[in-house]
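Using the sequences plus the hints, can you model the full thing?
Residue numbers (numbering that gives the first Met the number 0), protein chains in the order written: chain R, 0 to 346; chain E, 0 to 346; chain S, 0 to 346.
Mixed in with the good hints, there may be bad ones.
Treat identical chains as interchangeable: a pair holds within one or across any two.
What the hints assert, rightly or not - Dumping the calculated DMTMM-like pairs for lysine to aspartate or glutamate here, alpha-carbon to alpha-carbon at most 20 Å:
#1 K319 with E331
#2 K332 with E315
#3 K297 with E315
#4 K191 with E267
#5 K198 with E18
#6 K100 with E136
#7 K198 with D209
#8 K249 with D209
#9 K10 with E20
If you are wondering where the hints come from, they were derived from the structure by calculation, not from laboratory data.
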Amino acid sequence: MTGFTLAELIKKLQADAIEVELLGDSAYRVDSLATLQAAGPHQLSFLANTKYRRFLSVAKAGCVLLSPSEQGFFSGNRLICVNPYLAYAKASHYFSLGVTKPVSIAASATIAPCAVVAPSAAVGANVVIGDRVVIGERVVIFPNVVIGNDVSIGADTVIYPNVTLYHQVQVGCRVVIHSNTVIGADGFGFAKGAAGWVKIAQLGRVIIGDRVEIGACTTIDRGAIEDTVIEEGVIIDNQVQIAHNVRIGKHSAIAGCVGISGSTKIGEHCTVAGAAGFAGHIEIGDRVHIGMQAQVTKSIQSAGAYASGTGLMDAEEWRKMVARLRRFEQLEKRLKKLEDQASGEHG
Amino acid sequence: MTGFTLAELIKKLQADAIEVELLGDSAYRVDSLATLQAAGPHQLSFLANTKYRRFLSVAKAGCVLLSPSEQGFFSGNRLICVNPYLAYAKASHYFSLGVTKPVSIAASATIAPCAVVAPSAAVGANVVIGDRVVIGERVVIFPNVVIGNDVSIGADTVIYPNVTLYHQVQVGCRVVIHSNTVIGADGFGFAKGAAGWVKIAQLGRVIIGDRVEIGACTTIDRGAIEDTVIEEGVIIDNQVQIAHNVRIGKHSAIAGCVGISGSTKIGEHCTVAGAAGFAGHIEIGDRVHIGMQAQVTKSIQSAGAYASGTGLMDAEEWRKMVARLRRFEQLEKRLKKLEDQASGEHG
Amino acid sequence: MTGFTLAELIKKLQADAIEVELLGDSAYRVDSLATLQAAGPHQLSFLANTKYRRFLSVAKAGCVLLSPSEQGFFSGNRLICVNPYLAYAKASHYFSLGVTKPVSIAASATIAPCAVVAPSAAVGANVVIGDRVVIGERVVIFPNVVIGNDVSIGADTVIYPNVTLYHQVQVGCRVVIHSNTVIGADGFGFAKGAAGWVKIAQLGRVIIGDRVEIGACTTIDRGAIEDTVIEEGVIIDNQVQIAHNVRIGKHSAIAGCVGISGSTKIGEHCTVAGAAGFAGHIEIGDRVHIGMQAQVTKSIQSAGAYASGTGLMDAEEWRKMVARLRRFEQLEKRLKKLEDQASGEHG
Numbered sequence: 000m001t002g003f004t005l006a007e008l009i010k011k012l013q014a015d016a017i018e019v020e021l022l023g024d025s026a027y028r029v030d031s032l033a034t035l036q037a038a039g040p041h042q043l044s045f046l047a048n049t050k051y052r053r054f055l056s057v058a059k060a061g062c063v064l065l066s067p068s069e070q071g072f073f074s075g076n077r078l079i080c081v082n083p084y085l086a087y088a089k090a091s092h093y094f095s096l097g098v099t100k101p102v103s104i105a106a107s108a109t110i111a112p113c114a115v116v117a118p119s120a121a122v123g124a125n126v127v128i129g130d131r132v133v134i135g136e137r138v139v140i141f142p143n144v145v146i147g148n149d150v151s152i153g154a155d156t157v158i159y160p161n162v163t164l165y166h167q168v169q170v171g172c173r174v175v176i177h178s179n180t181v182i183g184a185d186g187f188g189f190a191k192g193a194a195g196w197v198k199i200a201q202l203g204r205v206i207i208g209d210r211v212e213i214g215a216c217t218t219i220d221r222g223a224i225e226d227t228v229i230e231e232g233v234i235i236d237n238q239v240q241i242a243h244n245v246r247i248g249k250h251s252a253i254a255g256c257v258g259i260s261g262s263t264k265i266g267e268h269c270t271v272a273g274a275a276g277f278a279g280h281i282e283i284g285d286r287v288h289i290g291m292q293a294q295v296t297k298s299i300q301s302a303g304a305y306a307s308g309t310g311l312m313d314a315e316e317w318r319k320m321v322a323r324l325r326r327f328e329q330l331e332k333r334l335k336k337l338e339d340q341a342s343g344e345h346g
Numbered sequence: 000m001t002g003f004t005l006a007e008l009i010k011k012l013q014a015d016a017i018e019v020e021l022l023g024d025s026a027y028r029v030d031s032l033a034t035l036q037a038a039g040p041h042q043l044s045f046l047a048n049t050k051y052r053r054f055l056s057v058a059k060a061g062c063v064l065l066s067p068s069e070q071g072f073f074s075g076n077r078l079i080c081v082n083p084y085l086a087y088a089k090a091s092h093y094f095s096l097g098v099t100k101p102v103s104i105a106a107s108a109t110i111a112p113c114a115v116v117a118p119s120a121a122v123g124a125n126v127v128i129g130d131r132v133v134i135g136e137r138v139v140i141f142p143n144v145v146i147g148n149d150v151s152i153g154a155d156t157v158i159y160p161n162v163t164l165y166h167q168v169q170v171g172c173r174v175v176i177h178s179n180t181v182i183g184a185d186g187f188g189f190a191k192g193a194a195g196w197v198k199i200a201q202l203g204r205v206i207i208g209d210r211v212e213i214g215a216c217t218t219i220d221r222g223a224i225e226d227t228v229i230e231e232g233v234i235i236d237n238q239v240q241i242a243h244n245v246r247i248g249k250h251s252a253i254a255g256c257v258g259i260s261g262s263t264k265i266g267e268h269c270t271v272a273g274a275a276g277f278a279g280h281i282e283i284g285d286r287v288h289i290g291m292q293a294q295v296t297k298s299i300q301s302a303g304a305y306a307s308g309t310g311l312m313d314a315e316e317w318r319k320m321v322a323r324l325r326r327f328e329q330l331e332k333r334l335k336k337l338e339d340q341a342s343g344e345h346g
Numbered sequence: 000m001t002g003f004t005l006a007e008l009i010k011k012l013q014a015d016a017i018e019v020e021l022l023g024d025s026a027y028r029v030d031s032l033a034t035l036q037a038a039g040p041h042q043l044s045f046l047a048n049t050k051y052r053r054f055l056s057v058a059k060a061g062c063v064l065l066s067p068s069e070q071g072f073f074s075g076n077r078l079i080c081v082n083p084y085l086a087y088a089k090a091s092h093y094f095s096l097g098v099t100k101p102v103s104i105a106a107s108a109t110i111a112p113c114a115v116v117a118p119s120a121a122v123g124a125n126v127v128i129g130d131r132v133v134i135g136e137r138v139v140i141f142p143n144v145v146i147g148n149d150v151s152i153g154a155d156t157v158i159y160p161n162v163t164l165y166h167q168v169q170v171g172c173r174v175v176i177h178s179n180t181v182i183g184a185d186g187f188g189f190a191k192g193a194a195g196w197v198k199i200a201q202l203g204r205v206i207i208g209d210r211v212e213i214g215a216c217t218t219i220d221r222g223a224i225e226d227t228v229i230e231e232g233v234i235i236d237n238q239v240q241i242a243h244n245v246r247i248g249k250h251s252a253i254a255g256c257v258g259i260s261g262s263t264k265i266g267e268h269c270t271v272a273g274a275a276g277f278a279g280h281i282e283i284g285d286r287v288h289i290g291m292q293a294q295v296t297k298s299i300q301s302a303g304a305y306a307s308g309t310g311l312m313d314a315e316e317w318r319k320m321v322a323r324l325r326r327f328e329q330l331e332k333r334l335k336k337l338e339d340q341a342s343g344e345h346g
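Structure follows, in structure tokens:
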């Protein structure tokens, strides 16, 4: 029989350190997850964003994960807990069928004789593994990944198809790297010479801590001299660009399309929204939140939220606003002139 | 003999539902396409952007596709039509030599025994195809593509090299997916727990409708619970990031470097210019145009054009403008003070 | 013995056309490079950014590359030169161990019989090379690269893993292309027809000049009719999007996440900072600098620096500033009204 009774679910959540209180029938059975709008009588749902509270009164879910303050808005089976989103995060894994992963070393993999692959690791078709690479226990490497020389990969890490790891990259344990991501390419370091740009050899490495997750088509460049470092527990979305010698502190979260220029340091427990950009050689303290598309050109010491941009306007109004910004200086001067006149009259 | 007479061209365009009127010699022969500036006497050209009208009077093209209102600006052979750009789009295919594609199943492809590949499909070198994958008639899969379990690909779809499709992705018919694009990687879903970020299993799929075109290095994440959906006829450029549970309506166009955050819905027939960014959980109606780099933080119901940004300035002026934005509040207060004084005098 | 004496280093730099003057012990030996903060007594360092000058007085480096104006700030061995950053760029290569590269033609490579691969070229595992491809002397192609038909690659070019080159792409000599980059995918060209978007066949090529360097996960689309051209000596970072028919002039530098729309021309010796965006069909002159995230919507003739954006603000202040921008027009009107009143009184 698929799914779980609510009693079983409570037991599993407890094992995951989530305390829940049931209002309802402990023998009731749910077999999958669904959103509040879509959930049917044999599905578990949750309310994490108050925006969706209006759906509670009409929800047909078999059971809903709710915070104590929301429990009155639903009359069916409820699992009351302090953080329903966290409870849902844990529960999502109980309903995951999992992905079939490579389970052995594919015959078409090209593995350097001096590489060391743990017996429990799996290596997919057409994977290429360079000299002196060390691959830990239970690592799963999907097809068509290329791993350069002297890379090390910690236990339980998963690397999805078509990823490239350049030489000397060090990846921790329980790391996830999504497809087509590139780690360890040369940083963008060039000096201007008489005959054009002179490349600076990029001699540093990339160090990825434990339990880091990295999205798809993301790039993390190797250091110029010292290393580029992603500390443990950092989560990075898709299409992110992390330049040479950047350091991202523990448990920070970097959303999609963010760009971080060379040698910039980001603190711990920061959250960076999509497409924000960071100048090089700046330092961001701990627990800083950077808004979507923000233009981070200076260091930030204080925790807090920061943002940039004009917001969205009707295109016609926007064109006028842009023109007005260009005569902002004149406006200020005109204001000053009026003030001077007024103070001449009143002074 | 290469190329076509103008009479032949007219016939081909008619077969493509494009009505043209010839002013000139129907036996005249053109053998390739060229821009107005570059076209020689045996080339077909077109005017689609009025910006380039100044080139008409000196154009050496053998024939030009023109709208009725432009026909007086050129004296050579002209094909007059309502939409010269559309006519050029159709004609471009007559002059395309096409690309040699894989024509059979490469010996180096790794295809799961339980996958079903249509007899007319072609699978390139080193392609990896997972369990229970279904590949339709005349599908072409270029080398080094990796396709996860339970994927289905409709007839006549083309997938270029190094693409990754994760498990359960559903791709329609006549879809084009350019190189190194990733479809179906995990959405960026994490809940904050006491010991760091807790991953939310991403259980939804990605559904791609018929006749969708997707550029290179684009990422479309699988849904968290429900599916991420790209409806039929949508066109997506390179380096686009589409997060989990996004839905893009029919025939919308998404230009390069756009980022769309989780659960955002975009309507039908929308056009989104390059590098625009969308916050999560918002809804954009039909026939909305979003400008380049626009900052879309709220839902938009009304059709129309929307934009953001300060426009471009001389860097020195820009620095002053940024400083002025910071004292904008003071300026408004100073204005208010003057108004109060004035109303005191006049009131 | 590893490393070099300072006398040897001076000789090597002279061979690289860098004149240095030694203040110190010519027999002193350095064995690696390090930053000023980290350098130990057997390491060479440099000062290129005055921001780091404060580290000079406490630096433990065995030798420092310094400009004449900085020489008094350090008392150990110094190599005085006009451009320490350029000297460091040259020296970085003396200390590079290099990367082990493929050295022969891998048995698992799939090479069309009519392709011509120079005897000194190396082709890695699972590389796929199409019909009539020409690969020059000493070219190195890393594993899992896919190269379409009719591509030519000049001598001494290096292509890292998982790159895709579409048909007809022409790559010069001494070019570097980093991993998962895509060159020659179709430009985003569609005309609007009654039944939806009509694709325009992309018939042009991509031409990459000599000594170009291209980062990882970058996309350069083929031309619609004419070619997309990257001139010699251009350097391009990661995650850059270059649309069809763009031309980038000699020795220009394009930082990460930049997007350049179709048919835009960028001059020579330009520098474009991260995430700047260019509208299509515009022309940028020579020696133009574009700031980070700049919104380039019009052509620029004059050399100089240009920028956009509001700068970064505290999120609460930012929200108020955005609201104020929306009533900017009213503010201007209120100012005008006061001026009219004042001129009525004074006029």
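Quiz item: Which of the stated hints cannot be reconciled with the structure, identified by number in ascending sequence?
Solution: Nothing - there is no hint that the structure violates, so all of them hold.
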